[in-house]
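A.B. asks: Kindly generate the complete structure, drawing on both the sequences and the hints.
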Amino acid sequence: MILNATILAVVCISVLSNTALCQMRLFEEDPYDQMTLDNANDNVVLKLQPLDLPNRQLPDNPSPNDVLIVHLLEK
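In this text, residue positions in the sequence shown follow numbering that gives the first Met the number 0: the first is 0, and each later residue adds one.
Among the clues, some could well be false.
Stated by the list, open to error - If you anchor each label on the Cβ, the simulated ranges turn out as follows:
hint : residue 1 : residue 2 : range
1    : Arg24     : Asn60     : 36 to 42 Å
2    : Glu73     : Asn38     : 19 to 25 Å
3    : Gln22     : Asp59     : 19 to 25 Å
4    : Asp51     : Glu28     : 18 to 24 Å
I should point out that these hints are in silico values taken from the structure, not numbers from a laboratory. Quantities reported herein were computed from a predicted structural model and do not represent experimental measurements. Idealized CB from N, CA, C, for every residue including glycine.
C.D. replies: Shown next as C-alpha cells:
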C-alpha cells in the first residue's frame, strides 16, 4: 500500500513538473505576430515570425496585388 502511494506521488510530481516546464510565460517566449484568417478558413489564428513592416505598422491602403510573405512558427 505504501509502495503504491509512493509510486503515485512520484508520477504526480513528474507530470506536474513537466507541465510547468512546457508552459512559458508570455514575456519569456520569442516575439511573434498573429494572423487571423477569414470565415472561409475557419477563423484560424496563425502564429508567425515577426513581420518585416516599416515601424511595425500595416500600410494604410495596401494594394490587393501586394504580396506579404509570412513564416509559420507552428501549425
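A.B. asks: Work down the list of hints and note, for each, if the structure agrees.
C.D. replies: Quick rundown of the hints versus the structure:
1. Arg24 to Asn60: 36 to 42 Å: Since Arg24 and Asn60 have Cβ atoms about 38 Å apart, the given range 36 to 42 Å holds.
2. Glu73 to Asn38: 19 to 25 Å: holds (22 Å)
3. Gln22 to Asp59: 19 to 25 Å: Since Gln22 and Asp59 have Cβ atoms about 38 Å apart, the given range 19 to 25 Å is violated.
4. Asp51 to Glu28: 18 to 24 Å: Roughly 19 Å apart at Cβ, these two residues keep to the hinted range, so it holds.
When held up to the earlier numbered hints, the structure conflicts with hint 3 and nothing else.
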